Amino acid sequence: MSTVKYSNEHEWIRVEGDIGTIGITQYAQEQLGDVVFVELPQAGRKVAKGEACAVVESVKAASDIYAPVSGEVTEANAALGDAPGDVNAEPTGRGWFFKLRLADKSELDGLMDEAAYAGFVKALA
Amino acid sequence: MVQSFDRSQGRVGVAAAAAPASEATFTGNRGLQIEEPLIFELGQSGRCGVDLPEPPKVKDRLNGLRRTGEIGLPGLSEPQVVQHYTRLSQKNYAIDMGVYSLGSCTMKHNPRLNEKVARLPGIGDLHPLQPVSTVQGALEVIDSLAHWLKTLTGMPAVAMSPAAGAHGEMCGMMAVAAALEAKGERGQRKVVLAPESAHGTNPATAAALGFTVKPIPANERGRVDLLALKAALGPANGSEVAAIMLTNPNTCGLFENDIIEIAQAVHAAGAYFYCDGANFNAIVGRVRPGDLGVDCMHINLHKTFSTPHGGGGPGAGPVVLSAALASHAPYPWIVRDGEGWRIAEEGREIAGTPIGRLKAFHGQMGMFTRALAYIMSHGADGLRQASADAVLSANYVMASLKDVMSPAFDGPCMHEALFDDSFLKDTGVSTLDFAKAMIDEGYHPMTMYFPLVVHGALLIEPTESQAKEDLDLFIAALRSLAERAKGGQSADAFKAAPRFAPRRRLDETLAARKPVLRWRPSNRPPEDDPLKQAAE
Chain A
35 MSTVKYSNEH EWIRVEGDIG TIGITQYAQE QLGDVVFVEL PQAGRKVAKG EACAVVESVK
95 AASDIYAPVS GEVTEANAAL GDAPGDVNAE PTGRGWFFKL RLADKSELDG LMDEAAYAGF
155 VKALA
Chain B
161 MVQSFDRSQG RVGVAAAAAP ASEATFTGNR GLQIEEPLIF ELGQSGRCGV DLPEPPKVKD
221 RLNGLRRTGE IGLPGLSEPQ VVQHYTRLSQ KNYAIDMGVY SLGSCTMKHN PRLNEKVARL
281 PGIGDLHPLQ PVSTVQGALE VIDSLAHWLK TLTGMPAVAM SPAAGAHGEM CGMMAVAAAL
341 EAKGERGQRK VVLAPESAHG TNPATAAALG FTVKPIPANE RGRVDLLALK AALGPANGSE
401 VAAIMLTNPN TCGLFENDII EIAQAVHAAG AYFYCDGANF NAIVGRVRPG DLGVDCMHIN
461 LHKTFSTPHG GGGPGAGPVV LSAALASHAP YPWIVRDGEG WRIAEEGREI AGTPIGRLKA
521 FHGQMGMFTR ALAYIMSHGA DGLRQASADA VLSANYVMAS LKDVMSPAFD GPCMHEALFD
581 DSFLKDTGVS TLDFAKAMID EGYHPMTMYF PLVVHGALLI EPTESQAKED LDLFIAALRS
641 LAERAKGGQS ADAFKAAPRF APRRRLDETL AARKPVLRWR PSNRPPEDDP LKQAAE
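Chains as they are written, first to last, in the working numbering: chain A, 35 to 159; chain B, 161 to 696.
In short, the hints are calculated from the structure, not lab data. Note that the structure is a prediction, hence the values are computed from the model and not measured. Heads up, the beta-carbon is just placed ideally off N, CA and C, and yes, glycines get one too. You may find that some hints are simply not true.
What the hints assert, rightly or not - In silico contact screen, one side only, chain B against chain A (beta carbon under 10 Å); selected entries:
no., residue
1, GLY360
2, THR361
3, LEU369
4, VAL373
5, GLU505
6, PRO567
7, THR587
8, SER590
9, THR591
10, LEU592
11, TYR609
12, PHE610
13, ALA672
14, ARG673
15, VAL676
16, LEU677
With these hints in hand, go ahead and build the complete structure from the sequences.
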């Protein structure tokens with residue numbers, strides 16, 4: 035059973051056990067436009083909640099991706115190196131960025147659930 | 161015959177790119193809009209623009225290393241070379257052709273007087289290793305410009321050698337780091353604050369020097385959120401902040417009204433105030449950054465002081481420094497003692513703890529000369545008028561467009577007019593489409609999607625250089641585009657722009673994802689051709 039949570043920086047995290055998979059939301063990819071490059075953290079890197087740990091570059095802008103929770107990176111989506119367009123095509127699927135082992139699951143409580151995030155995005159429009 | 165030219169089909173693969181097939185011409189040219197191949201696609205082997213004498217017979221000492229293959233230089237006659245580069249130059253849009261509204265870049269006129277002065281033999285033919293006794297006038301030029309820059313900014317010191325704005329940022333922030341080092345606080349103060357609307361070079365400079373960058377949000381008026389800034393600064397004792405890097409007027413084209421309070425808060429926390437001088441053109445002769453509490457600021461001579469941008473010459477980014485940082489200025493300096501000028505160098509006559517040498521020699525002499533020519537031909541009153549005219553032009557543009565486009569912030573602006581894309585809402589037209597349509601109207605588009613804090617930003621900086629009637633035509637063109645976008649003209653017409661440029665909409669995504677950085681001859685095997693690979 036997995037849970038999906040959202041940050042106000044437009045990242046999603048899908049948690050299964052103590053592993054979280056992180057990517058950017060549909061709204062974020064629409065705002066960025068065509069993604070042309072993604073820089074990902076190395077496996078083994080420890081990241082703190084809110085720390086900039088990846089970069090996504092589109093035809094419009096380069097943006098930092100922040101860790102929505104603390105943890106240790108276990109895997110990065112190497113396929114994005116050759117196919118950054120996956121972020122646009124399937125932001126919550128093939129376009130995932132990295133996985134991390136959560137340091138403190140209670141940090142998830144500070145994130146939004148799907149309904150709350152939908153409301154958050156609606157308020158931005 | 162040109163390699164890529166086929167007598168039966170015209171220039172291969174070119175005509176279709178520029179025009180619909182039904183309108184294609186045999187040559188691929190459209191009137192005087194000439195298709196131009198690369199110089200390596202022109203010419204023939206064996207052809208040469210000059211007759212070279214037979215090389216003298218010499219004993220070959222290459223021991224078998226003599227090149228045997230072709231070196232691959234194009235073979236062209238002199239008229240072919242002249243025509244090629246003249247045609248290329250005509251493809252360029254330049255400040256000498258019309259309104260160039262690229263916001264944040266200050267694309268102002270480069271007076272011809274600057275060029276005349278820079279070409280005087282006593283200036284243009286100098287070598288930096290000449291004996292100092294033979295370059296006394298040149299040293300006085302550098303010192304005179306330094307004096308003007310210090311006077312205009314109200315700062316006690318200036319480092320002249322940095323080669324451009326970002327290099328100047330590096331210089332200023334290295335001085336900050338050196339000052340912290342001297343106080344034993346370098347280890348404690350690791351954070352540099354930068355507003356969300358900052359130029360990308362600001363956080364890049366801080367990060368390159370090992371600082372952690374923390375963004376400061378803007379308030380609803382497009383200025384720094386003072387409360388957020390004070391919170392980020394933390395307590396005076398134990399603050400982790402080394403400096404704030406702030407542009408004023410900021411990248412939204414707005415004056416930071418709280419600037420003095422910002423400077424006081426930064427100093428109270430024991431941090432330094434780096435001002436990005438990119439937008440100094442808006443306030444020259446009216447506001448002295450030193451009076452605002454600035455500790456260091458670079459000055460882009462190619463923006464504010466009318467030296468050429470980009471390919472027109474090397475950059476120059478002198479950095480003015482406050483008394484707190486002056487002792488860390490990089491060498492060399494120009495000093496005067498007795499009747500003569502000298503260059504103070506490493507290892508002698510250096511007080512304080514300079515950060516070292518940032519660049520070979522003394523700076524960009526050609527740019528110093530042009531900037532000084534600009535300053536002295538305008539005089540103090542002329543500089544005051546230029547900054548006022550730059551602000552007036554931007555406000556004229558904003559006021560003339562605000563009913564059809566959507567200003568990002570209320571109230572008057574400084575030197576640039578910033579619009580968001582809300583006027584395009586529900587039209588199907590994006591900021592990018594709008595900008596591309598400007599090309600069809602004969603204008604270089606404004607800066608777009610910057611600053612990032614404004615959605616679909618369109619940033620227009622007309623500068624003081626344009627006559628009112630030229631601005632009026634520019635405004636009328638933008639009004640027409642905005643009305644067409646909102647009046648139900650099919651978004652497809654915008655999506656198809658530019659229609660009249662030598663090339664239509666280019667695939668920027670493919671270019672960014674699979675950049676082809678090196679041209680190779682077309683006769684190579686396709687599996688080895690990056691363009692073909694990229695297209696797959």
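Hint-by-hint comparison with the structure:
Checking B:GLY360 against chain A by beta carbon gives a least distance of about 8 Å; that is within 10 Å, so the hint holds. With 10 Å as the threshold, the beta carbon of B:THR361 stays out of range of chain A, its nearest partner Cβ sitting at about 13 Å, so the hint is violated. Below 10 Å, beta-carbon pairs count as interface contacts, and B:LEU369 has none with chain A, the closest being about 17 Å; its hint is therefore violated. Checking B:VAL373 against chain A: minimum C-beta separation of about 9 Å stays under 10 Å; hint holds.
Interface restraint check: B:GLU505 against chain A, minimum CB-CB distance 40 Å, threshold 10 Å, status violated. Hint on B:PRO567 is violated. Least Cβ distance to chain A is approximately 20 Å, over the 10 Å limit. Checking B:THR587 against chain A by beta carbon gives a least distance of about 16 Å; that is not within 10 Å, so the hint is violated. Hint on B:SER590 holds. Least Cβ distance to chain A is approximately 9 Å, under the 10 Å limit.
The interface hint given for B:THR591 holds, since its Cβ lies 9 Å from the closest Cβ of chain A, which is under the 10 Å cut-off. The closest approach between the C-beta of B:LEU592 and any C-beta of chain A is roughly 8 Å, which is under the 10 Å cut-off, so the hint is satisfied. Look at B:TYR609: its Cβ gets to within about 4 Å of chain A, closer than 10 Å, so that hint holds up. Look at B:PHE610: its Cβ gets to within about 8 Å of chain A, closer than 10 Å, so that hint holds up.
Annotation: B:ALA672 was flagged as interfacial toward chain A, and the flag holds, the nearest CB pair being 4 Å apart, inside 10 Å. The beta carbon of B:ARG673 is positioned within 10 Å of a beta carbon in chain A (closest approach about 5 Å), and the interface hint is therefore held. A least Cβ separation of about 14 Å between B:VAL676 and chain A goes past the 10 Å threshold, and the interface hint is therefore violated. This hint is violated: B:LEU677 has a C-beta 15 Å from the nearest C-beta of chain A, more than the 10 Å allowed.
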